[in-house]
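S.K.: Chains B and X are the protein sequences, given in the same order. Letter 157 of the first sequence, counting from 1, is numbered 157 in the working numbering, and no numbers are missing. Letter 99 of the second sequence, counting from 1, is numbered 99 in the working numbering, and no numbers are missing.
Some hints here could point you the wrong way.
As the list claims (entries may be wrong) - For the chain B half of the interface with chain X, some residues (derived, Cβ under 7 Å), not all of them:
{"hint": "1", "residue": "ALA11"}
{"hint": "2", "residue": "THR14"}
{"hint": "3", "residue": "PRO50"}
{"hint": "4", "residue": "GLY94"}
{"hint": "5", "residue": "LEU139"}
{"hint": "6", "residue": "GLN141"}
{"hint": "7", "residue": "GLN143"}
{"hint": "8", "residue": "VAL154"}
{"hint": "9", "residue": "ARG158"}
{"hint": "10", "residue": "ALA168"}
Unchecked claim - Straight-line C-alpha distance at most 20 Å; calculated SDA-like pairs for lysine to any residue:
{"hint": "11", "chain 1": "B", "residue 1": "LYS225", "chain 2": "B", "residue 2": "SER210"}
{"hint": "12", "chain 1": "X", "residue 1": "LYS373", "chain 2": "X", "residue 2": "TYR318"}
{"hint": "13", "chain 1": "B", "residue 1": "LYS142", "chain 2": "X", "residue 2": "GLY55"}
{"hint": "14", "chain 1": "X", "residue 1": "LYS190", "chain 2": "X", "residue 2": "GLY107"}
{"hint": "15", "chain 1": "X", "residue 1": "LYS21", "chain 2": "B", "residue 2": "LEU7"}
{"hint": "16", "chain 1": "X", "residue 1": "LYS21", "chain 2": "B", "residue 2": "SER215"}
Calculated from the structure, these hints are not laboratory results. Backbone N, C-alpha and C fix where the C-beta goes; we use that ideal spot for every residue, glycine too.
Listed below, chain by chain, are the residues.
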Amino acid sequence: MTAQTSLPSEAPLTRRKRAVVVGASSGIGAALVRRLAAEDFVVAALSRSPEPLQALANELNTGGQTRAIPYAQDVTKLEEIPAMLQRLVTELGGVDVFIYCAGVMPKVDINEFDLEKDQHMLSVNLAGAVAWLGQVGALFQKQHSGHLVGISSVAGDRGRVLNPAYNASKAGLDTYLEALRNRLSRHGVHVLTVRPGFVDTQILANAPRSFGVISPQQCADGVWKAIKSGKQVVYVPWWWRWLMLAVRNVPSFIFRRLSF
Amino acid sequence: MSSAPLLQNAVGLENFGHSLKRVAYVFRPQRTDELPALFEQARAAGLTIGLRGSGRSYGDAALNTGHIVLELGALTRILDWNAETGVITAEPGVTIEQLWRHALPHGWWPPVVPGTMFPTLGGCLAANIHGKNNWQAGPIGEHVVQFTALLPNGQQVTCSPQENSQLFYAMISGMGLLGIFTSITLQLKKVHSSHVRVTAWTQPDMAGMLAAVDANKDEDYIVGWLDAAARGRSLGRGQLHRATYLHAEDNAPQQTTLDLPASILGIPKGVLPPLMAPFVNNFGAGLVNMAKYTADRWLHNNKTYLQSLVEFNFLLDYIPGWERIYGRNGLVQHQSFVPAAAAESTFREILKLAQRRGLPPYLAVLKRHRPDKFLLSHAVDGFSLALDFRVPSQPARLVSLAEEMDAIVLANGGRFYFAKDGTLNAERARAYLGAEALASLQALKAQTDPDNILQNDLYRRCLAN
């Protein structure tokens with residue numbers, strides 16, 4: 001039997017755009033799925049655990065319209081990624097927007113050096129991101145189009161005392177996205193780096209002393225706006241840009257004495 | 001990462017109208033004996049295969065989104081050629097251009113050519129294309145002596161009007177859904193000159209145009225251009241071109257290395273598209289249409305001249321990449337085929353409708369047709385009107401205009417043409433093809449392609465159910 005596209009036949013000229021969100025079960029990812037569905041996208045929602053995705057799909061797929069399609073994929077299983085992408089291309093009929101927003105931040109104490117936690121962060125936040133973004137980037141290069149989005153963090157701007165591996169994973173992702181942008185923009189591909197501040201998600205539970213917290217929906221709105229306007233790097237909300245400009249310029253002899 | 005080897009072959013593909021951008025896994029076989037392995041690969045990956053020649057279909061016939069596309073344009077061998085009889089056998093990737101350049105030095109010309117020389121023979125047979133001589137010469141399928149094909153079920157077949165005739169009449173016009181042509185044998189037409197004698201004249205309205213085309217349908221070629229912007233009593237006015245082959249006694253030119261002119265009205269072709277860009281909007285295109293009609297009417301009406309077969313037939317090739325001037329959203333062509341008696345009212349109605357919707361066509365072409373025996377035939381005993389539309393920034397407007405025009409055409413017993421179509425749906429396709437033809441297609445497909453491997457976007461849109 002040949003694979004069949006599960007989507008109903010659409011008029012070619014008005015075919016809906018396709019999006020893929022990796023890390024869609026909760027938080028910013030789930031909010032992005034909702035936002036893209038509202039923008040008339042067909043969204044493939046990927047996550048390790050299929051149950052919350054199914055609930056999200058059920059919520060969105062009303063009135064006989066397919067807006068979100070759940071797929072189970074664990075981003076730490078790198079070897080599965082190319083086959084999953086091929087499956088998405090076939091079943092969705094291509095990808096126009098790809099967003100990697102899988103990310104973890106376990107609670108790490110100021111004097112804690114936990115190999116397992118660090119490895120997990122590197123593998124979800126960075127290795128999985130590099131694998132997905134690289135494969136999709138190659139596809140976008142060949143189709144000469146596409147929006148490639150990585151959800152980085154303000155935490156990638158500086159290495160801080162609280163969570164070195166998280167900072168490193170986001171800094172790595174940030175640099176990888178910049179390199180991809182330099183590679184792919186000449187092929188007509190838009191690469192967007194998003195650096196959210198504090199967003200009200202599971203991650204926030206492990207971030208002490210948060211301020212200026214926004215909802216995942218507000219974050220998703222900011223991401224969508226940045227996709228539409230073709231921004232390269234965007235802080236969400238916007239004022240983090242200026243705050244982080246200051247933070248980035250704090251001299252080390254002061255920074256290493258700070259406790260945040 | 002060999003788990004997804006097909007990703008390496010992912011390519012962004014467009015239709016000829018550049019209105020659709022899709023991704024597919026593209027393979028370009030160099031020899032026909034690579035085809036069975038490609039079927040196996042598709043089967044193993046659970047994917048379908050769409051066939052593509054030069055990608056000159058206006059709609060989505062040469063796209064197979066998210067699946068495999070076989071580009072057959074590298075299969076360009078001429079397998080056999082008899083300069084005495086004019087019978088040629090060629091691989092499916094041979095283009096119309098390669099064909100005439102091969103045959104014309106020996107005094108032969110393809111009996112049916114489309115308005116462009118870039119399509120492949122395989123694509124021409126799949127769409128069963130016609131030329132400006134459809135009344136006289138029929139579609140290209142009527143000049144096919146035989147073809148061989150590889151079917152997805154593994155069979156190799158030879159088809160002709162006598163042998164496997166059901167498959168012959170279905171694969172020609174079958175849009176690449178039943179099998180892959182591996183060789184095509186055509187009977188070419190003897191010509192005594194590289195040139196034809198052309199007469200051009202104008203008619204002031206739709207009735208005049210239709211009557212003139214009809215009165216000249218027994219000429220070798222007859223085609224009408226309509227001023228798409230004309231309204232009211234002038235609606236449908238335009239210019240006709242009639243052409244006749246020359247005879248040996250005509251002391252005719254014998255050029256065999258023909259090329260299209262390098263400049264038009266003294267302007268080099270390369271710089272024409274940017275010069276035309278300001279006119280590719282409703283106002284500008286209307287101006288160009290009106291100016292052309294006025295010039296045709298008052299400056300060079302009723303002229304007879306000699307023109308090469310290449311210059312007469314391949315108008316669309318004068319400016320390579322002309323379709324790009326329609327801009328980012330591309331163009332869509334709506335071509336309807338309407339029985340003679342209903343043609344005038346139908347064409348008037350759809351032209352007026354398009355103008356009323358604020359989406360006037362920028363180019364309109366009129367031709368005379370007759371029915372043929374092929375399964376997915378587009379022809380009727382009547383006329384066709386081909387309208388080129390710029391896709392607006394809100395494509396839904398054009399989609400709904402097409403739907404309205406289709407309803408008018410269907411109500412008048414009209415038909416459509418898959419080489420051009422990009423807006424029909426399954427219901428409207430069934431309305432003109434009939435349940436019987438669709439059932440025949442599915443019955444044949446069940447034999448030749450039991451796993452339903454051969455598909456394309458057009459198939460899923462119009463024919464699958």
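S.K.: Next step is simple, just say for each hint if it's right about the structure.
M.R.: The hints, checked one at a time:
no., hint, verdict
1, ALA11, "holds (5 Å)"
2, THR14, "holds (5 Å)"
3, PRO50, "violated (21 Å)"
4, GLY94, "holds (4 Å)"
5, LEU139, "holds (5 Å)"
6, GLN141, "violated (9 Å)"
7, GLN143, "holds (3 Å)"
8, VAL154, "violated (33 Å)"
9, ARG158, "violated (34 Å)"
10, ALA168, "violated (25 Å)"
11, LYS225(B) <-> SER210(B), "violated (24 Å)"
12, LYS373(X) <-> TYR318(X), "violated (33 Å)"
13, LYS142(B) <-> GLY55(X), "holds (18 Å)"
14, LYS190(X) <-> GLY107(X), "holds (6 Å)"
15, LYS21(X) <-> LEU7(B), "holds (18 Å)"
16, LYS21(X) <-> SER215(B), "violated (35 Å)"
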